[in-house]
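Enquirer: Chains as they are written, first to last, in the working numbering: chain A, 1 to 199; chain B, 1 to 309.
None of these hints come from the bench; they were simulated from the model.
Using N, Cα and C, we set each Cβ at its ideal position, and we do this for glycine too.
Some clues are possibly wrong.
[Said to hold, decoys possible] From the structure, some residues in chain B lie toward chain A, with a derived Cβ separation under 8 Å:
#, residue
1, GLN122
2, GLY126
3, PRO183
4, ALA185
5, THR186
6, ALA226
7, SER227
8, THR240
9, MET242
10, PHE253
11, GLN258
12, MET262
13, PRO263
14, ALA274
15, VAL291
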Amino acid sequence: MNERINESLSALVDGECDELELRRVLNELEQDSACREKWLRYQMMSALMRDEAVATVDLSRGIMQAIDGEPMDEITPLMTTVHQSSASLDAKADAPQRGWMSSVAVAASVTLAVLIGVRFYADVNDVPVMANHSTAPAAVVASTSNLAPEVDVEQLEHGQRMLQEYLLRHTEHAALNQGRGMMPFARVATFERAGDAQP
Amino acid sequence: MIHRMAYFVVLLFSVPLMADDGQTAREWLERMSLAIKHVNYQGTLVYGGRTHWETLAVHHAVIDGVEHEKLLHLTGDPRAIIRHGAKNDDRNPSPANPLTQGLIHASADLSAVYELSLGDQQRIAGRMAQQINIMTRDRYRYSYRLWLDTSTALLLASELLNLEGQTLERLQFADVEIGHDIPRATFEPDDQAHFTAMPVQSLQDDQHDSLQQWHANWLPRGFSVASQSVREDEQQRLITRMYSDGLAAFTVFVHFEQEPSMPSMVRQWGATTAVVRYQAHEQQQVRIAVVGEIPKFTAEKIASSITRP
């Protein structure tokens, strides 16, 4: 496994990988079992670092299907035993009762998933679940994450605007408190650029 | 033998110097937080992360004791951010005046959570700059390298480093003029889109109550509330509270919306992380958002620790 794939893998886990890079990693994962093991280890490590319950959930298939515009396999979240807090876009929202998401929504949610690095995708049958060492906070999130609203295009757009407002407010406060003048406002530009990637 | 003697002499003198290193670095930082408010400067600021760069024109002046700032984007859509401050009065810093808050925080006990040291002097934007290293002592925050103008202590460049020592964000003046008069008209809005930053308002007592109801049960060491506000209308209520350790900052939002319509998410771009979560409260979904320049797991841990007692 080459150095570049290694870097891409950690970028993926950190949620800092673009679509091209993502495709490359996923192809590599399919062909290379050492690489695949590493990917699972990275996911575990990143969950451990966040002090959370660990699940070695293989996300690669769902992501690949999504970026290829295919309908995704039905997703069965293991809400009772598994908690993956980076499962930001509660993927159960794309579950069959809503029908498959429109390709735009898939693209949007995958862009988010790429930014986040992880999409909640679990296949009960071949997921080895490690003992749940998590303490209260993780459990709280696991139980409340059921409440997260379902995701559609309008919500993603609203979410994007909301996030921008939060960022601007945070920056307004930060610019007054960090002894660095207005420099924190430079960050807002980067966010807008990152936001352009989404439809 | 003479060489060896010389070596010993150097050692003798360098030991106390090393011990003072952190203290000297702190003094530089205090000078920096004063300079950024009191010194007139304008220049071109380059800002970038790992993937791309932006350029901005920055103007800062104190005119008749009032601070004015303007940040103009030179890349992308033309837009500007303008800020007019209150009168500077640092002899009597008060938390009610947000413009003096930076000073209070700059003198917070940074050395408890960061290891401060002096680096080399380098040339930046055509001026000599002193490098200050600010390395985190734990895994809950990022590290920084700052370059301050040797004559005015103005911040000329900064780097934000993640836990692996990779640079997530760079800010650097490409050129800068320090100490010149800048006409008042510079800070008027042009035709282009602009955003005027408002001074953070102080709180009324009843608002303070509703703030106290929601708080983080876990914070990384050294962080304390730097500013807070409540905004309320018929559709929503938004509680905003910013925490700072003197350098790093994050903001916690507790948002009651009639129709919550935003997915829960974790996002990172450049140095910034955003975590959005929901909590049930009196048959309502309350959105908890944490946005700031902190690592992802710190933001997630804070977000999941926010409760209403």
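Enquirer: Let's test the interface hint: is any C-beta of chain A closer than 8 Å to that of VAL291/B?
Expert: It holds, given that the least Cβ distance between VAL291/B and chain A is near 4 Å, below 8 Å.
Enquirer: Holds or violated: the hint that GLN258/B contacts chain A, with Cβ atoms closer than 8 Å.
Expert: Since the shortest Cβ distance to chain A is 13 Å, the answer is violated.
Enquirer: Checking hints one by one. Is PHE253/B an interface residue toward chain A, by the C-beta closer than 8 Å rule?
Expert: Hint holds; PHE253/B Cβ to chain A Cβ min 6 Å, cut 8 Å.
Enquirer: Against chain A, with CB atoms and a cut of 8 Å, does the hint on ALA185/B hold up?
Expert: Given a least distance of 19 Å, the restraint on ALA185/B is violated.
Enquirer: Hint validation: GLY126/B versus chain A, beta carbon distance must be below 8 Å. Holds or violated?
Expert: Since the shortest Cβ distance to chain A is 19 Å, the answer is violated.
Enquirer: With a cut-off of 8 Å, does the beta carbon of MET242/B approach a beta carbon of chain A closely enough for the hint to hold?
Expert: Holds, about 4 Å.
Enquirer: The hint names ALA274/B as touching chain A; please verify it with the least Cβ-Cβ distance against 8 Å.
Expert: holds (6 Å)
Enquirer: Does the closest beta carbon of chain A sit nearer than 8 Å to the beta carbon of PRO263/B?
Expert: Status holds, d = 5 Å.
Enquirer: Is the shortest C-beta separation between THR240/B and chain A less than 8 Å?
Expert: Holds: closest Cβ of chain A sits about 6 Å from THR240/B, inside 8 Å.
Enquirer: Against chain A, run the beta carbon of SER227/B and see if the smallest gap drops under 8 Å.
Expert: holds (5 Å)
Enquirer: Holds or violated: is there a CB of chain A closer than 8 Å to the CB of THR186/B?
Expert: Where the cut-off is 8 Å and the nearest Cβ of chain A is about 14 Å from THR186/B, the hint is violated.
Enquirer: Should the hint that PRO183/B touches chain A count as held when the rule is a Cβ pair under 8 Å?
Expert: Violated, about 19 Å.
When the structure is compared with the earlier hints, violations turn up for hints 1, 2, 3, 4, 5, 11 and for no others.
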